[in-house]
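Student: Chains as they are written, first to last, in our numbering: chain U, 10 to 99; chain E, 11 to 340.
Simulated from the structure, these hints should not be mistaken for laboratory data.
Just so you know, these numbers come straight off a predicted model, no measurement behind them.
Glycine included, every Cβ here is placed at the ideal spot set by N, Cα and C.
It cannot be assumed that every hint is accurate.
Straight line, CA to CA, 27 angstroms or less: simulated DSSO-like cross-link-like pairs of lysine-lysine [stated by the list, open to error]:
1) E:Lys129 <-> U:Lys73
2) E:Lys129 <-> E:Lys250
3) U:Lys86 <-> E:Lys250
4) E:Lys148 <-> E:Lys165
5) E:Lys250 <-> E:Lys148
6) E:Lys250 <-> U:Lys73
7) U:Lys73 <-> U:Lys86
8) U:Lys73 <-> U:Lys48
Example chain U residues on the side facing chain E (calculated, C-beta under 8 angstroms, incomplete) [what the hints assert, rightly or not]:
9) Asp58
10) Glu62
11) Ile64
12) Ala65
13) Gly80
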Amino acid sequence: MSRPSARFELGARRELITVDECRITPYRDGPLLVRGPFKLTDQDGNEIDARRETIALCRCGHSKIRPFCDGSHTTTKFRAAGGSEGRRRT
Amino acid sequence: MSLPDPRGPLSRHLLEHFVQSPHEFSSPSPEGDPLGSDDFHLALYLCYELHYRGLTGVSEAWEWNPSQIAFRQSLEVRFEDALRSRIPVESSNGDIATRLRAVTETDSHPSLADYMRFKSTIEQFKEFVVHRSAYQLKEADPHSWVIPRLSGRAKAALVEIQADEYGSGSAERIHARLFANTMDALELDSDYGAYVDVIPGVSLATVNLMSMFGLNRRLRGATVGHLAVFEMTSSIPNRKYASALRRLGANGATDFFDEHVEADAVHEMIALHDMAAALAEDEPALTGDILFGARALVDLDAAFASHLMSSWAAEQSSLYTSDASAPLSL
Ligand code: FES
Ligand SMILES: [Fe+2]
Ligand SMILES: [Fe+2]
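Produce the entire structure from the sequences given, and follow the hints as far as they go.
Tutor: Right, here's the structure in full:
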């Protein structure tokens, strides 16, 4: 077996960098999931304890533990795309 | 786990053999309602327990003993057949996320969580916790059997959920530990298996379902469907259970339920979209079983809930006793 090329190593490193980024994903009919290194604060900059590595932020407005999601989107039949929607460029 | 008392021919037969060193034995043909019989489900629960924490005084070599496995399979065949004959075969149209959501909406049983929230007594809440201890003290373990049977996206998603169930590296945050804390706060015995003698078949069946799915590779789709619906139907009831405890003044016992409101709102999305939908896309042949696992969970949970509600409506304990004239108290 030949040794991995420099390009391969660069590629592998780039992949690691990607994993180190924060990723925010809107899920269909549900919350925004936040993964990776992030800091959650209130508007005065005080940290809000996330308590887990992946968190769900409410985007339906009905959670009783905002900014976190508490599953209320199901009861209120919240509908939204699992991605970007309705956005216009001028 | 220490050995329970037998409840009928199947569990008696098994316990008589288990206390001896492993040997060949022939099995009686399984009797009783495969969806809820106390004897049937205790016997099956004991077989599965050999794969989890083991049974006190029972040789560990029984785990892969061919007679034990044959006996277990004879129960599994009847259990699975009974489930499949109740659950309609799904045509494979429509996207899986929508169809799984629809499964959770077919759940028409009277809401146990609403009853608990507004009406339950502390004794009834403690009974509920005792029933659930058959699973929660090994929470997440049955679904972990499926990890080596998945690959790619579905595997990564399942492990993301399980890591959180197992406390993301801190033993005191393992969900099974949080449940044990709740039991302690309610002055219940949180030792693993402490209450197996009083847990009826209808409750053990809900746990046996997950063990059967998890231990049979061919049922990996059903495990994934089961976990998806489990996570999808968790946050809202857990908020109600936490609120029941606050109403009853048991504020020190709420952590497990509060944690699940928040955690399962995360798990729901991962389980539904990243795990179940990804698996259906990568292995379309498993779609039917994903839905089967989902419906089987809803079915058995409904039977469990109506057992509790009807026992309490009749002002009786919902726990198992071999002597109906001796009321149980926890
Ligand atoms: S998005 Fe889940 S409660 Fe609002
Ligand atoms: Fe959990
Ligand atoms: Fe969960």
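Student: So, for every hint listed, does it hold in this structure?
Tutor: Outcome of the hint check:
1. E:Lys129 <-> U:Lys73: Holds, at about 22 angstroms.
2. E:Lys129 <-> E:Lys250: 11 angstroms, holds
3. U:Lys86 <-> E:Lys250: Since the Cα atoms of Lys86 of chain U and Lys250 of chain E sit roughly 19 angstroms apart, the hinted pair holds (cutoff 27 angstroms).
4. E:Lys148 <-> E:Lys165: 20 angstroms, holds
5. E:Lys250 <-> E:Lys148: Measuring from Cα to Cα gives roughly 22 angstroms; hence the hint holds.
6. E:Lys250 <-> U:Lys73: Holds, because 12 angstroms separates the two Cα atoms, which is no more than 27 angstroms.
7. U:Lys73 <-> U:Lys86: Distance ~16 angstroms between Lys73 of chain U and Lys86 of chain U Cα, so the pair holds.
8. U:Lys73 <-> U:Lys48: 21 angstroms, holds
9. Asp58: 11 angstroms, violated
10. Glu62: 6 angstroms, holds
11. Ile64: 6 angstroms, holds
12. Ala65: It holds, given that the least Cβ distance between Ala65 of chain U and chain E is near 4 angstroms, below 8 angstroms.
13. Gly80: 3 angstroms, holds
Going through the hint list in order, the structure does not satisfy hint 9, though it satisfies all others.
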